[in-house]
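So the sequences go chain by chain: A and B.
Numbering follows the working numbering, in which position 114 of the first sequence is assigned residue number 114; successive positions increment by one, without gaps.
Numbering follows the working numbering, in which position 342 of the second sequence is assigned residue number 342; successive positions increment by one, without gaps.
Read the hints as simulated data drawn from the structure, not as lab findings.
Take the hints with a grain of salt, since some may be wrong.
As the list claims (entries may be wrong) - Here are the simulated DSS-like cross-link-like pairs (lysine-lysine), alpha carbons at most 25 Å apart as the crow flies:
id: 1; chain 1: A; residue 1: Lys-314; chain 2: B; residue 2: Lys-76
id: 2; chain 1: B; residue 1: Lys-76; chain 2: A; residue 2: Lys-5
id: 3; chain 1: A; residue 1: Lys-9; chain 2: B; residue 2: Lys-5
Computed from a predicted model, the values in this text were never measured in an experiment.
Listed below, chain by chain, are the residues.
There are 2 protein chains.
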Amino acid sequence: MQRNKNIAKLQMGYLFPEIGRRRRALLEKNPSAKIISLGIGNTTEPLTPHIVDGLKSAAVGLGTIEGYSGYDDDAKGQRLLQNLKEKLAEKWYSANVRPEEIFISDGAKCDCGRLQVLFGCDVSIAVQDPAYPVYVDGSVIVGASGGYNQEKALFDGIAYMRCIPENDFFPDLTRLPRTDLIYFCSPNNPTGAVSSKEQLERLIKFAQGNESIIIFDAAYSAFIHDRSFPRSIFEIAGSRSVALEVNSFSKSIGYTGVRLGWTVVPDELRYSDGSPVAGDWSRITSTLFNGASNIAQYGALAALDDEGLKEMQKTVDYYMENARIIKQGLTDLGIRSYGGVNSPYVWAQFPGKQSWDVFSTILEKAHVVTTPGSGFGPSGEGFIRFSAFGHREDVREAVARLKRTL
Amino acid sequence: MQRNKNIAKLQMGYLFPEIGRRRRALLEKNPSAKIISLGIGNTTEPLTPHIVDGLKSAAVGLGTIEGYSGYDDDAKGQRLLQNLKEKLAEKWYSANVRPEEIFISDGAKCDCGRLQVLFGCDVSIAVQDPAYPVYVDGSVIVGASGGYNQEKALFDGIAYMRCIPENDFFPDLTRLPRTDLIYFCSPNNPTGAVSSKEQLERLIKFAQGNESIIIFDAAYSAFIHDRSFPRSIFEIAGSRSVALEVNSFSKSIGYTGVRLGWTVVPDELRYSDGSPVAGDWSRITSTLFNGASNIAQYGALAALDDEGLKEMQKTVDYYMENARIIKQGLTDLGIRSYGGVNSPYVWAQFPGKQSWDVFSTILEKAHVVTTPGSGFGPSGEGFIRFSAFGHREDVREAVARLKRTL
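From just these sequences and the hints, can you work out the full model?
See the structure below:
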């Protein structure tokens, strides 16, 4: 039985496990080190009371004949799903999308994986560089890339769209080849950049001209407070025939461990034979997936009513105050940074240095875990990502340590 | 943008959506029909009190700083996962597998999908015929099959292992070609057959001789009450180097909507290059998946302590009494049936008839939803699957209606 040759193409461990290994290595050397993590984008603050109430009553309800539901295609499961889709369409999308275009899932990362299976191995793809590793790794796994090019530190057969300070973290579309798929994330992980309406309009035109499909990752859209920036690709005219959107409750309400997300596939999104992408997506999700946890869904329903939305805003504000503190600290240190204003990620620039070296210096001197920018793609080299997810006192302490040791 | 050619190979809708469509069609024609479903294997009984307590305290805990956890690789998430794996290794596997060989997931169906991505498109596969549709459909989606053969009503390039009453629902291994993967489900969905120790020993030998990997689906193992039948492939000597096992909390504790399952990948399971399958599986799950809901995990932990295990047995016994009632009803009608003794499925034989015709007759005359055997593969033709998942009074009423109308 041969090993899958596509998986053999993958490099090293997935970025975050590798960071975990280095962190454990430090702890072995220095068991008393009080490590603070501003690395992985993992939420740290408790779920808020109204959402907890939603989860609790869901659990209690499942213990009764009236409240029990099984697979999401039974009557109660369908009603729950329908309510959630309607609330999302109304509260999140201001009716820019219809409830039946929303597919509820166990998270944006998992949906990315299924999208890669949906489109298969015969597609060409473009990703922002730097980008969330799952777009590339998942594409490699399904066979949609060539091999790893050691010299260039990237995969052959994938178009890397350079996003750097010099181009305002928006790719130069005039120099890009046509691809079937374009992964695009705004607010961006890892750079923290958020694309303007005008930039997204250019992206949509580009996709229209090339008959490409944009996989728009809006997992951080709740962190946009300057509403002149679009929170959804579907705020842009013409998007419905060239884009789908992935989103998540993970960061906005602290659901990283509870698991819930969704994908919007507009009816107008079609393959070249005219068949709807949503039809195949529905087939993929009903064959390879079995619905998101009903308890998680009840909690999200609570999160989308007036009280829940207020709590969501408080959670977002908490992390954004962390981002402000990190950004200020870096500025005080004379380190230039990007992002962190409409996004929970701060992208710090260390000109002329290697990301993993800076990562190791910060880890060993300050006992602060960050994420090396080069782990997100070659254009991330020389950058470090600071995540604003953390307890306030830890963020303050981390910044104080950076000031003492860097 | 071309449609994925592998998805285009799939036939009709996935079996259960098609049944749903026929059911809705009946309701449109006859809106007052009180339809009883013994079709899809969807649980109907409330979660039991101790498990509800586990879920409730998980929800409450997530609302506190001490109890909150995010992604399952943070300290609290890791501890929870570790506890669950240890409990499963001890209580479910009597230490036949080690905790670190257990990978917790959001369900067996979802893990089957990821396993198909793991092994990729260059593998040959064998499935029992009839079988749970996900093995075939998922393999088709990743490109591991040929096209659909209308004449034979099966996919080219897949070995269908005939399981019929004449061979005690165990395939004639001497007539089977070598394949890379062998999907094998016991207790079987849909036939309700459970394989003996001696049969599984033959299967293991066959896999050893062919260097095949067995994907053993044990999702219904909790329903085996005659413990002379193995509940896990890992009770069989030699299995660890040729098999992995998929399992689920869906049916045993009513978690179909809560979502939790697991896959065991033994350390000895290796590719021909000597590399461990578990290594790639770990990479796949960390790239395309983001952990099972922590709330669901806390509930499952409760289900695996002494009180929880007692409740699980009660839930299983409830459904098995339903199976007994269905089987008795069929016997009274002179209809021969299989399964339903160590499995919640009763496999009823209608010699000389077409499954979908019998399905429609039962639906239209008795307003009872079943599942047509042919939907599970060509050797299911002439059979109907009755699911024992239902409220007792509905099961009794369904049987009474069958007796009145057939």
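Evaluated hints:
Between A:Lys-314 and B:Lys-76, the direct Cα distance comes to roughly 24 Å. Compliance with the 25 Å bound is thereby established for this hinted pair. Restraint check for B:Lys-76 and A:Lys-5: not satisfied, since their Cα atoms lie roughly 35 Å apart, outside the 25 Å limit. At most 25 Å may separate the alpha-carbon atoms for a hinted pair to count; A:Lys-9 and B:Lys-5 meet this at roughly 24 Å.
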